[in-house]
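A.B. asks: Now for the letters of each chain:
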Amino acid sequence: MSWLKKAASDTQITHGNRIWLYVFAAIVMILLVVPTLIVIPMSFSDSQYLEFPPSKWSLRWYHEYLDSPKWMRATVKSLQIGTLTMLVATPIGVAAAYALFVSGHKAARLIFMFLITPMIVPVILIAIGAFYVFGQIGINNTVFGIVLAHTALAIPLVMIVTTSALRNYDLNQERVARSLGAPRIKAFFLITLPQIKFSVMTSALLAFLTSFDEVIISIFISGGVNATITKHMFSALRDYIDPTIAAISTILVIVSTVLLLTTQYISSREKKKK
Amino acid sequence: MLLGFSIPAILVVIAIILIPIGWLFYLSFIGNDGQFTMEHYQKMVEYKSYKRVFFTTFQVSLFTTIICILIGYPLAYFLASLPPRVAGFFMLAVLLPFWTSLLVRTYAWLVLLQKKGILNEFAMNIGLWDTPLKLVHNMTGTLIGMAHIMLPFLVLPLLGSMKKIDKDLMHAAANVGASPSKAFWTVFFPLSISGLVAGSLIVFVLCLGFYVTPAVLGGGRVVMVSTQITAILENQFNWGAASALGVVLLISTLLVLYISSKIFKFDNALFGKK
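Listed in order, the protein sequences are those of chains A and B. The first sequence: position 116 = 116 (our numbering), numbered continuously. Counting from 1 along the second sequence, just add 1000 to a position and that's the residue number in our numbering.
These are calculated hints, taken from the structure and not from any lab test. Keep in mind the model is a prediction, meaning the values are calculated, not measured. Hints may be right or wrong, so weigh each one.
To be verified - Quick list of in silico lysine-lysine cross-link-like pairs, DSS-like style, CA-CA up to 25 Å:
1) A:Lys197 / A:Lys186
2) B:Lys1115 / A:Lys271
3) A:Lys197 / A:Lys271
4) A:Lys271 / B:Lys1164
5) A:Lys272 / B:Lys1164
6) B:Lys1115 / A:Lys56
7) B:Lys1115 / B:Lys1134
8) B:Lys1164 / B:Lys1134
9) A:Lys106 / B:Lys1262
10) A:Lys56 / A:Lys106
11) A:Lys271 / B:Lys1116
12) B:Lys1163 / A:Lys272
13) B:Lys1164 / B:Lys1262
14) B:Lys1164 / B:Lys1182
15) B:Lys1134 / B:Lys1163
16) B:Lys1167 / B:Lys1182
17) B:Lys1164 / A:Lys56
As the list claims (entries may be wrong) - Going by beta-carbon spacing under 8 Å, a handful of chain B positions derived as facing chain A:
18) Phe1005
19) Leu1070
20) Ala1080
21) Pro1084
22) Ala1087
23) Phe1090
24) Val1094
25) Thr1140
26) Gln1236
27) Thr1253
28) Leu1255
29) Val1256
Unchecked claim - Over 12 Å on every C-beta distance to chain B, these chain A residues come out as not near it, computed from the model:
30) Leu31
31) Val33
32) Ser58
33) Ala95
34) Phe101
35) Tyr132
36) Gly138
37) Ala177
38) Gly181
39) Arg184
40) Leu190
Ideal placement from N, C-alpha and C gives every residue a C-beta, glycine not left out.
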């Protein structure tokens, strides 16, 4: 255990002195990860009750999920709404971030602040407000309405990720292209976009996940054949505990893990490029 | 004009944030008879039940923030001290829960903490307590779940500010004779405060309007502003009272952000624009 006596930082402290820190951090990291992953073994239990470790293993709850028209329809809806949100929020968020960053106009900072308000306003307020207004114009329980609301939530994320990418990018490259006669749009697509494409991809994934995981707005403004998976999950959680949720949760964990690893991969590619 | 590219994003935010919230603001002054009234706001001052809701909201937000600081600071310190090679792996412990649906995590805590849940069984097996403790559908369960969900929001900005601290400063402090703990408290800690404040503020503000976790893990016993708003809408369909409560929630959120931006002057860090 000689590493315990080695210096751990730039002060004279050794690894042995701060072993408490390592133990503490390990416990916290376990506590962070375990509740995220525990649904996976639970979903393979055969029991009606949630026991751990399961006394008998089975795929019962996966069959329950896959055979349920209600859950299947909701899953397809959530995927559809998430994809549409991604396809709408990414281009308009990137366009806004680009316009505000490049213009240097006095109003740009103000518009930026306005566009990130969906992150600041408590979501419950957006939910009931949208529920009321959508009720007046009759677009509650429609895919259009939900995508519109989710797009508003995703715009700030797309803008923040894109703006930070633009900050690390040398705009002179685009200026050169334009001074050689390329129109702004062409210069953007040929010169700027390829250089910030990793961040744009990350922001698209974030937009998808924002919509796919969103609960509160979906509870209020989605319903009937257009109810999302999170709406059904929430009511199932509040009213009774149905082990089918464990199977669905496992699928959600896998979806977010894949998306997370994809963004990690994207950012490592980006670093390598530099 | 260049700023025109931000128009689609602006329109979405107007449709989902500005109009609905403006409408709620208007509704909060309208009585059941359709006339202008202040009664919804008067009730908040007069009725004890409202005071309890505000108190609970503040209490849950404050406790969650404190728990996150106590647990999150050492964790961030640990992560910041890791060599970049391994840091990415340990970061997954923070990022994985961050990316996982909060419904999944809330569900996991529901299962972990219930009467015959894993935690009770485990603690009774090793003799920590004899009868199952009531850990969920109350304040305890709500705080555990909220702290788990909020922790990454504190750790990520804090970690960002810790990584920016010049390591030579600690070295210099040690060279001129500061003990490790003195070097930490007089050099490192003050430099990490901007990230700590930003992270704590994000946690506190998110807690104020949080809905899903208190609704599920509180089991109706932890009534926060957000759960009260939905209860008013579901049980009484009273839009005036629900809107007034929403307006108070929004104004409190903005006030907290405004006051702390005046005190700490960090709005640049939070809003991400130069």
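A.B. asks: Run every hint past the structure and note whether it holds.
C.D. replies: Structure-based check of all given hints:
1. A:Lys197 / A:Lys186: holds (15 Å)
2. B:Lys1115 / A:Lys271: violated (48 Å)
3. A:Lys197 / A:Lys271: holds (13 Å)
4. A:Lys271 / B:Lys1164: holds (18 Å)
5. A:Lys272 / B:Lys1164: holds (21 Å)
6. B:Lys1115 / A:Lys56: holds (21 Å)
7. B:Lys1115 / B:Lys1134: holds (6 Å)
8. B:Lys1164 / B:Lys1134: violated (43 Å)
9. A:Lys106 / B:Lys1262: OK: Lys106 (chain A) and Lys1262 (chain B) at ~22 Å, within 25 Å.
10. A:Lys56 / A:Lys106: With Cα atoms ~65 Å apart, Lys56 (chain A) and Lys106 (chain A) exceed 25 Å; violated.
11. A:Lys271 / B:Lys1116: violated (48 Å)
12. B:Lys1163 / A:Lys272: holds (20 Å)
13. B:Lys1164 / B:Lys1262: Within the cut-off at roughly 23 Å; holds.
14. B:Lys1164 / B:Lys1182: holds (20 Å)
15. B:Lys1134 / B:Lys1163: violated (41 Å)
16. B:Lys1167 / B:Lys1182: The hint holds at about 15 Å.
17. B:Lys1164 / A:Lys56: Between Lys1164 (chain B) and Lys56 (chain A) the Cα gap is close to 51 Å, so the pair fails against 25 Å, i.e. violated.
18. Phe1005: For Phe1005 (chain B), the interface hint holds, since the closest Cβ of chain A sits about 4 Å away, which is under 8 Å.
19. Leu1070: violated (10 Å)
20. Ala1080: violated (10 Å)
21. Pro1084: violated (10 Å)
22. Ala1087: violated (12 Å)
23. Phe1090: Hint holds; Phe1090 (chain B) Cβ to chain A Cβ min 7 Å, cut 8 Å.
24. Val1094: holds (7 Å)
25. Thr1140: This interface hint is violated because 15 Å lies over the 8 Å limit.
26. Gln1236: Violated: closest Cβ of chain A sits about 14 Å from Gln1236 (chain B), beyond 8 Å.
27. Thr1253: Since the shortest Cβ distance to chain A is 6 Å, the answer is holds.
28. Leu1255: violated (12 Å)
29. Val1256: Violated: closest Cβ of chain A sits about 11 Å from Val1256 (chain B), beyond 8 Å.
30. Leu31: violated (7 Å)
31. Val33: violated (5 Å)
32. Ser58: holds (18 Å)
33. Ala95: Answer for Ala95 (chain A): violated, closest chain B Cβ roughly 4 Å.
34. Phe101: About 9 Å separates Phe101 (chain A) from the closest Cβ of chain B, which leaves it inside 12 Å; violated.
35. Tyr132: Answer for Tyr132 (chain A): violated, closest chain B Cβ roughly 6 Å.
36. Gly138: holds (15 Å)
37. Ala177: holds (16 Å)
38. Gly181: At about 18 Å from chain B, Gly181 (chain A) clears the 12 Å cut-off, so the statement holds.
39. Arg184: violated (8 Å)
40. Leu190: holds (17 Å)
Violated hints, listed in ascending order, are 2, 8, 10, 11, 15, 17, 19, 20, 21, 22, 25, 26, 28, 29, 30, 31, 33, 34, 35, 39; each of the other numbered hints is respected by the structure.
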